[in-house]
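> Each protein sequence line maps, in turn, to chains A and B. Numbered per the working numbering, the first sequence spans residues 1 to 454. Numbered per the working numbering, the second sequence spans residues 1 to 249.
Keep in mind that the hints were calculated from the coordinates and are not lab data. Small disclaimer: the values here were computed from a predicted structure and weren't measured. Virtual Cβ for every residue (Gly too), placed ideally from N, Cα, C. Some clues are possibly wrong.
[To be verified] Below, computed lysine-lysine pairings styled on DSS-like, alpha-carbon distance capped at 25 Å:
{"hint": "1", "chain 1": "B", "residue 1": "K100", "chain 2": "A", "residue 2": "K428"}
{"hint": "2", "chain 1": "A", "residue 1": "K203", "chain 2": "A", "residue 2": "K174"}
{"hint": "3", "chain 1": "B", "residue 1": "K100", "chain 2": "A", "residue 2": "K437"}
{"hint": "4", "chain 1": "A", "residue 1": "K352", "chain 2": "A", "residue 2": "K421"}
{"hint": "5", "chain 1": "B", "residue 1": "K239", "chain 2": "B", "residue 2": "K223"}
{"hint": "6", "chain 1": "A", "residue 1": "K352", "chain 2": "A", "residue 2": "K186"}
{"hint": "7", "chain 1": "B", "residue 1": "K5", "chain 2": "B", "residue 2": "K239"}
{"hint": "8", "chain 1": "A", "residue 1": "K437", "chain 2": "B", "residue 2": "K239"}
{"hint": "9", "chain 1": "A", "residue 1": "K300", "chain 2": "A", "residue 2": "K421"}
[Stated by the list, open to error] What follows is a list of derived Cβ distance ranges for each label pair:
{"hint": "10", "chain 1": "A", "residue 1": "P61", "chain 2": "B", "residue 2": "S147", "range": "47 to 55 Å"}
{"hint": "11", "chain 1": "B", "residue 1": "R193", "chain 2": "A", "residue 2": "D299", "range": "46 to 54 Å"}
{"hint": "12", "chain 1": "B", "residue 1": "G111", "chain 2": "A", "residue 2": "N319", "range": "27 to 35 Å"}
{"hint": "13", "chain 1": "A", "residue 1": "K186", "chain 2": "B", "residue 2": "G111", "range": "35 to 43 Å"}
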Amino acid sequence: MSEVITTGNLTSDLISLYRQNNSVLDTMSGKLLNLQRENAFHDFDKLGIPTVKNENYKYTPLEKYFAGNYDVDLEVNPFKIDVKSIFKCDVPNLDTHVVLVLNGFYYANDRNGELPEGLIICGLNEASVKYPALFEKHYARYADTSVDGLVALNTLFAHDGVFIYIPDNAEMTKPLQVINLSYSDKNLRITRRNLIVAGNNAKAAIVVCDHTLSNQSFLTNSLTEIFVGRQASVNYDWLQNENGKSTHINNLFIHQEESSSFCSSIVSLHGGLIRNNFYAVLAGQHSDTSLNGLFLCDDKQHVANYILVDHASPNCTSNQLFKGILDGEATGSFNGKILVRPDAQKIQAYQKNNNILLSSTARMNTKPHLEIYADDVKCSHGATVGQLDSEALFYIRSRGISQDEARHLLMYAFANEIVGKISVPILKERIIDLVDKRLRGELSGCNDCVVHCG
Amino acid sequence: MLQIKDLHVSIDGKEILKGIDLEVKTGEVHAIMGPNGSGKSTLAAALAGRELFEITNGSVIYNGENLLEMSPEDRARKGLFLGFQYPVEIPGVSIVNFMKTAMNELRKYRGLEPISASDFLKHMRDKKELVGITANMANRSVNEGFSGGEKKKNEIFQMAMLEPTLAILDETDSGLDIDALKIVANGVNKLRRSDNATIIITHYQRLLEYIIPDFVHVLYKGKIVRSSGKELALELEEKGYDWLKDENE
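One chain only, chain A, in its complex shape (with noise of 0.2 Å):
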């Protein structure tokens, strides 16, 4: 069933679009899904789509993104295509285990070797059936839906979308990598609901790309929950790669155990609006949260990172590293926010966001946030928004370097600061030949993925 909504208002069209479906929604999907529907719906009652008087939304105006026709599919397994047919990683001896969401359901996953006893990969509506008292533990447990009405969103909407459980001391050898594809022939609304779970002293590696297979308006509200177990390592990358009408917002929800590590990698290469909101909850002691981003934008492009980092527990660490280059009518913003609770002494929180604005109408808004209520803290941000250095510039021609090509080995430079801490070393070696070809201009779009859709 498809449902096109119009938009007057566009928080009541989509409550409307809620009321007519949610016994559709119900039906299809688990209890425990089912469960968080009515809390999300009250958020997003009071709080609806964020517009640009709220100050974290202030510089994405969401609205006129939202706008417009779109379809929904409540269906189960819509799928008239084989996925497989139309798609194959393209990134050569990349060795993972590879799960594919199509338009946010769970569509396949292909075993590359062994895996841990006790490792569950599958969709997230069957994960609340087969699994309740994991599923209820940890679901809709950190991604608090009062925070933002596009969490309630999500939580109302939630139908599907990955489940992976990494039991106690387990550790994967090979990274798993989740490709979320958008196909349709019609503009489409999706929802997409993601569960990750770290036991205790668990290992993982996630990869994470995001792919549009058609030329549509794609408008995506992903919500993913991290849990990490004490003294669990995960990392996660992330490849965003859209077509440029698609908006795709992306909340993420780490929280932190003792001892625990998380690292990410997000490059935004390519997407209309892309938002990025991450929310990390170092609970136990002696955590560690790295986050880090690059993303590079033109046209009339939009990507914006919001980051709250919640020191809640003692002698933890973090980082923040957000760096993005922007050409043409770009727009770009930052919200990056350390928050220290009075507890939480002996912490060292780090941000840091670089911008480069290569034309004179590309704009970029950066706003560091502490907010500090222990006194053994060390704590430090900085920002800066800039062009690209001349003395640099000139030093680099005076060695018969062409301008062009002085100017994309300064871009480079600063993008590879990012792009090297990816941790799977052929992805890494991918994305820095992506980045380069997206700072040459050669990389349209996302046509360089296999599928060129345009």
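Since chain A is already given, all that's left is putting chain B on it; use the hints.
This is chain B only, laid out in the frame that chain A set:
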């Protein structure tokens, strides 16, 4: 090789060079000396093509061509090299990558194929040895976190790699201890050939104990006020610049 005639250069409307005449022939080493603020670095930067400086009058002919019409990269491709007084740090660009890109751009300009990886490594090994650079330096980002001495050595290393026809070394000796100074001077001497030329810009006579110039010029208030053989440097060491200042006030 190089003929500078009545060169006037301004920055932000302020005239720094007020009519420079200088001729450099192949095989020669010229030293340009002078007190701080006399315009030495402006001359070097203007010759290398720094756009900040405005040429208001005069001409510079380099190997028969109008140098002032060329972009900085074209000047370099035609064999001009500037050793910077303050080499710029470029985080994230390794010296290896930088030099490889530079060499290949030079080769492309000369209609040559890109250098093979093995030839490049050999070339680099040879030049590193010549300049006395340690192995790990080349893998670091260009000048990033380098000491003053390392930066200057790196300039000489780049000069050795690119084998220029005309090298202009801007205060290459400033901030160097005597050992680093010897290494830099030694590099310059080894690269000196009958078919190239060097302009050494320096405040002190010290470097000229190790690199023997054919000519010494004194720049003062934007003009060359005296030109002579190497003995002029010794005279300046002994008497300072004051007597020349007095003569030209």
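> Hey, A/K352 versus A/K186, does the alpha-carbon distance stay inside 25 Å?
Distance of about 40 Å is beyond 25 Å: violated.
> B/K100 and A/K428 were given as a pair; does the straight-line alpha-carbon distance stay at or below 25 Å?
holds, 22 Å
> Regarding the pair A/K352 and A/K421, is the alpha-carbon distance no greater than 25 Å?
holds, 15 Å
> So does A/K186 sit 35 to 43 Å from B/G111, Cβ to Cβ?
violated, 54 Å
> Given the proposed pairing of B/K239 with B/K223, does the C-alpha separation stay at or below 25 Å?
The hint holds at about 20 Å.
> Hint check: A/K437 vs B/K239, CA-CA at most 25 Å. Holds or violated?
Not OK: A/K437 and B/K239 at ~60 Å, beyond 25 Å, violated.
> Do the Cβ positions of B/G111 and A/N319 conform to the proposed distance bound of 27 to 35 Å?
violated, 48 Å
> Given the hint that A/K300 pairs with A/K421, test it: the Cα-Cα distance must not exceed 25 Å.
violated, 28 Å
> Taking 47 to 55 Å as the stated bounds, is the beta-carbon spacing between A/P61 and B/S147 within them?
Given about 50 Å between the Cβ atoms, the range holds.
> Please work out if B/K100 and A/K437 have their alpha carbons no farther apart than 25 Å.
Roughly 19 Å separates the two Cα atoms, so the pair holds.
> Would the pair A/K203 and A/K174 pass a check requiring their Cα atoms to be no farther apart than 25 Å?
holds, 10 Å
> Holds or violated: B/K5 with B/K239, Cα cutoff 25 Å?
violated, 29 Å
In summary, the structure is inconsistent with hints 6, 7, 8, 9, 12 and 13 from the numbered list given earlier, while agreeing with the others.
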